[in-house]
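> Listed below, chain by chain, are the residues.
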Amino acid sequence: QVQLVESGGTLVQPGRSLRLSCTGSGFNFYNYGMHWVRQAPGKGLEWVSVTSHDGSESYYADSVKGRFIISRDNSKNTLYLQMNNVRNDDTAVYYCARVRPLRVLRGWLDTWGRGALVSVSS
Amino acid sequence: QSVLTQPPSVSGTPGQKVTISCSGSRSNVGFNSVSWYQHLPGAAPKLLIYTTNQRPSGVPDRFFGSKSGTSASLAITELQSEDEGDYYCAAWDGAHSVIFGGGTRLTVL
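Chains as they are written, first to last, in my numbering: chain A, 1 to 122; chain B, 1 to 109.
No lab work stands behind these hints: they were computed from the structure. Because the structure is a prediction, the values reported are computed rather than measured. Cβ coordinates follow ideal geometry from the N, Cα and C atoms, glycine included. Worth double-checking, as some hints may not be accurate.
Only pairs whose alpha carbons sit at most 27 Å apart, straight line, appear in this in silico DSSO-like list of lysine-lysine [to be verified]:
1) A/LYS43 <-> B/LYS17
2) A/LYS76 <-> B/LYS67
3) B/LYS17 <-> B/LYS67
Here are some chain B residues pointing at chain A (derived, C-beta under 8 Å) [as the list claims (entries may be wrong)]:
4) PHE31
5) SER35
6) LEU47
7) TYR50
8) TRP92
9) PHE100
10) GLY102
Start from the sequences and build out the full structure, keeping to the hints where you can.
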């Protein structure tokens with residue numbers, strides 16, 4: 001079945017870097033745009049970033065622009081989020097989500113992973 | 001606008017109907033399609049409604065989405081205990097970002 005699994009969540013100090021991964025299975029990963037969405041403790045969902053099916057088009061929330069980089073390796077069915085210069089307020093569960101319809105960037109998020117916890121603390 | 005406006009909480013008894021509102025602006029809800037997500041404790045968020053009023057396969061027809069101008073709504077009829085959780089609306093904001101609602105906690109009394 002269609003599945004997304006995030007990994008790479010960890011405890012990290014402010015100012016450091018880490019990379020999250022999201023591996024897709026059960027579908028043709030290369031056909032779908034992908035999002036990162038996060039949820040800070042006790043807060044609601046916050047959109048982070050999106051990339052097109054081929055990685056040629058990407059956008060970021062203002063809160064992460066210039067610090068985070070979204071990318072993908074379609075040969076590995078994997079989406080990445082490179083998080084640089086992390087701050088305390090980046091502490092959250094990070095979800096990846098698939099875009100429908102196929103090869104459309106501005107669609108809806110039809111399948112989500114269970115999330116990876118990133119804790120930023122000294 | 002940083003988030004779409006939703007009521008923090010709604011409640012109802014089993015069998016009742018509840019409605020969750022989602023207020024935005026012309027650049028998001030007014031111009032783009034709205035989607036709704038259910039987030040139950042310990043689970044991945046789940047798509048409930050897309051393109052404002054369409055249900056994915058497997059979502060019961062008790063869930064109904066609508067939109068008028070810059071406001072959207074999610075109606076849940078025949079409320080069940082398993083519906084208890086958090087609900088979010090979302091829309092593209094212009095062409096370069098996505099905006100979520102602040103979330104609504106549904107309590108089934």
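> Next step is simple, just say for each hint if it's right about the structure.
Hint by hint, here is what the structure shows:
1. A/LYS43 <-> B/LYS17: 26 Å, holds
2. A/LYS76 <-> B/LYS67: 39 Å, violated
3. B/LYS17 <-> B/LYS67: OK: B/LYS17 and B/LYS67 at ~18 Å, within 27 Å.
4. PHE31: Status violated, d = 11 Å.
5. SER35: OK, holds: B/SER35 within 8 Å of chain A, min 4 Å.
6. LEU47: 5 Å, holds
7. TYR50: 4 Å, holds
8. TRP92: Where the cut-off is 8 Å and the nearest Cβ of chain A is about 5 Å from B/TRP92, the hint holds.
9. PHE100: Holds. Min distance 5 Å.
10. GLY102: Holds: closest Cβ of chain A sits about 5 Å from B/GLY102, inside 8 Å.
Comparing the model with each earlier hint shows violations of hints 2, 4; every other hint is respected.
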